[in-house]
Amino acid sequence: MSEDASPAIPGTPGGDGPMDIGRFTFTAAEIVRFAQAFDPQPFHMDEAAARRSPYGTLIASGWQVVCVWMGFFVRAHPAARPLPGAAAASGPRVISPVGVGFSVEELKWLLPVRAGDTLTFATEVLEDRASGSRPDWRVYHRRASARREDGAEAMCFRLRHFAPVGL
Amino acid sequence: MRYFETVEIGAKEVLGRHTFSREEMLAFARAYDPQPFHLDEEAAKRSPYGAIIASGWHTVAVWMKCLMAHQQTHPDASSGGGGPSPGFTNLRWLKPVYAGDTITYTTEVKEKVESRSKPKWGIVRTYNTGTNQHGELVMDFEGAAFLKRRF
Numbered sequence: 001m002s003e004d005a006s007p008a009i010p011g012t013p014g015g016d017g018p019m020d021i022g023r024f025t026f027t028a029a030e031i032v033r034f035a036q037a038f039d040p041q042p043f044h045m046d047e048a049a050a051r052r053s054p055y056g057t058l059i060a061s062g063w064q065v066v067c068v069w070m071g072f073f074v075r076a077h078p079a080a081r082p083l084p085g086a087a088a089a090s091g092p093r094v095i096s097p098v099g100v101g102f103s104v105e106e107l108k109w110l111l112p113v114r115a116g117d118t119l120t121f122a123t124e125v126l127e128d129r130a131s132g133s134r135p136d137w138r139v140y141h142r143r144a145s146a147r148r149e150d151g152a153e154a155m156c157f158r159l160r161h162f163a164p165v166g167l
Numbered sequence: 001m002r003y004f005e006t007v008e009i010g011a012k013e014v015l016g017r018h019t020f021s022r023e024e025m026l027a028f029a030r031a032y033d034p035q036p037f038h039l040d041e042e043a044a045k046r047s048p049y050g051a052i053i054a055s056g057w058h059t060v061a062v063w064m065k066c067l068m069a070h071q072q073t074h075p076d077a078s079s080g081g082g083g084p085s086p087g088f089t090n091l092r093w094l095k096p097v098y099a100g101d102t103i104t105y106t107t108e109v110k111e112k113v114e115s116r117s118k119p120k121w122g123i124v125r126t127y128n129t130g131t132n133q134h135g136e137l138v139m140d141f142e143g144a145a146f147l148k149r150r151f
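Residue numbers (our numbering), protein chains in the order written: chain A, 1 to 167; chain B, 1 to 151.
Hints are supplied without guarantee of correctness; some may be wrong.
Think about it this way: if two alpha-carbon atoms lie no more than 27 angstroms apart in a straight line, the pair counts; the simulated BS3-like pairs of lysine-lysine are [to be verified]: (1) A/Lys-108 x B/Lys-95; (2) B/Lys-120 x B/Lys-45; (3) B/Lys-65 x B/Lys-148; (4) B/Lys-95 x B/Lys-65; (5) B/Lys-112 x B/Lys-65; (6) B/Lys-45 x B/Lys-95; (7) B/Lys-148 x A/Lys-108; (8) B/Lys-110 x B/Lys-65; (9) A/Lys-108 x B/Lys-112; (10) A/Lys-108 x B/Lys-120; (11) B/Lys-118 x B/Lys-45; (12) B/Lys-95 x B/Lys-120; (13) B/Lys-45 x A/Lys-108; (14) B/Lys-45 x B/Lys-112; (15) B/Lys-45 x B/Lys-12; (16) A/Lys-108 x B/Lys-110; (17) B/Lys-110 x B/Lys-120; (18) B/Lys-12 x B/Lys-148; (19) A/Lys-108 x B/Lys-118; (20) B/Lys-12 x B/Lys-120; (21) B/Lys-12 x A/Lys-108.
The set of hints was computed from the structure by calculation and includes no laboratory data.
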């Protein structure tokens, strides 16, 4: 465990490996709603068309699986939670809890995510170092994943981002 | 219907343009990236960006939306897509996207690979971009998609 790693950032390096950040059931309604907005392919939109597709059932857009991971990643940070009562009126205490992404090196959609599937989302810090340009920020190299109930990974990617520490 | 064989390496297409409204940026951020600098005007003022910016995942999701709209209106387009995608590599977020910015999305065919495991399919690799109204590249990535072969 590196001494200066921020405990506030989910999935600290050298810890117990991947940290679970949430579980989400991809209902048909959620799959269709996302697809209508961003990925209107018949096998994401229409049960009958999906039955005739190679998948045989409605499947979620791969982009939806990534976006759900991001939502859990942000909400896993304690500073992302709203402040109680009067403190909430003074505005958020942290502007950028998990920071800003630079790049995703490799994203893999490994398995179709079918209507009714529940995925568990996880993250792990592979490496972190001090930011050269911003004091009190660190640069993170992180692995993200989503696995089915049977343990099989449906999606994974590696992300580089920088984020404030010690908040 | 597009087939692996008819896709030309080097073919570049403008997929479409999208103007990011404040309302849609907030709706996306509330659902998928609820960081204050994407959601809260006062917080964003204190950030290095000075105003609310779109989630990077939002700017990529709109590339997908534009690809789908383009393929519907140009069924013979040679852009990648048409089948499932195994994933992508080297996605970069290079510049912030502000409310009111108009992003132009493109795709270019870089490589065609015959699939060994799926003989009825080929893989088309693409280079994809989003550029703002000032001509600045805001995001790019290398995509891949399976495309049916013509036999």
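Evaluation of the provided hints:
A distance of roughly 24 angstroms separates the Cα atoms of A/Lys-108 and B/Lys-95; the hinted pair therefore holds under the 27 angstroms criterion. Between the alpha carbons of B/Lys-120 and B/Lys-45 the distance comes to roughly 53 angstroms, so the proposed pair goes past 27 angstroms and is violated. The suggested pairing of B/Lys-65 with B/Lys-148 holds, with an alpha-carbon distance near 21 angstroms, which does not exceed 27 angstroms. In summary, the hint linking B/Lys-95 to B/Lys-65 is supported, as the alpha carbons are separated by about 20 angstroms, within the 27 angstroms threshold.
Taken as a hint, the B/Lys-112 and B/Lys-65 pair is honoured in the structure, with Cα atoms around 23 angstroms apart against an allowance of 27 angstroms. Taking the CA atoms of B/Lys-45 and B/Lys-95, the gap is about 17 angstroms. The hint holds against a cut of 27 angstroms. Among the hinted pairs, B/Lys-148 with A/Lys-108 is consistent with the structure: their alpha-carbon atoms are about 20 angstroms apart, no more than 27 angstroms. Straight-line distance between C-alpha atoms of B/Lys-110 and B/Lys-65 comes to about 21 angstroms, which keeps the hinted pair within the 27 angstroms bound.
The suggested pairing of A/Lys-108 with B/Lys-112 holds, with an alpha-carbon distance near 19 angstroms, which does not exceed 27 angstroms. Restraint check: the Cα-Cα separation between A/Lys-108 and B/Lys-120 comes to about 21 angstroms, which is no more than 27 angstroms; the hinted pair holds. For the suggested pair B/Lys-118 and B/Lys-45, the alpha carbons sit about 51 angstroms apart, so the restraint of at most 27 angstroms is broken. Taken as a hint, the B/Lys-95 and B/Lys-120 pair is broken in the structure, with Cα atoms around 40 angstroms apart against an allowance of 27 angstroms.
The suggested pairing of B/Lys-45 with A/Lys-108 is violated, with an alpha-carbon distance near 35 angstroms, which exceeds 27 angstroms. Our distance criterion of 27 angstroms between C-alpha atoms is broken by B/Lys-45 and B/Lys-112, whose separation comes to about 46 angstroms. Between B/Lys-45 and B/Lys-12 the CA atoms are separated by roughly 38 angstroms; this puts the pair beyond 27 angstroms, and the hint is violated. Taking the CA atoms of A/Lys-108 and B/Lys-110, the gap is about 19 angstroms. The hint holds against a cut of 27 angstroms.
Distance hint between B/Lys-110 and B/Lys-120 is fulfilled; the C-alpha atoms sit about 20 angstroms from each other, no more than 27 angstroms. For the hint linking B/Lys-12 to B/Lys-148, the alpha-carbon distance of about 20 angstroms falls within 27 angstroms, and the restraint holds. Proposed proximity of A/Lys-108 and B/Lys-118 is supported: the alpha carbons are some 18 angstroms apart, at most 27 angstroms. Restraint check for B/Lys-12 and B/Lys-120: the C-alpha separation of about 25 angstroms stays at or below 27 angstroms, so the hint holds.
For the hint pairing B/Lys-12 with A/Lys-108, the CA-to-CA distance comes to about 24 angstroms; that is within 27 angstroms, so the pair holds.
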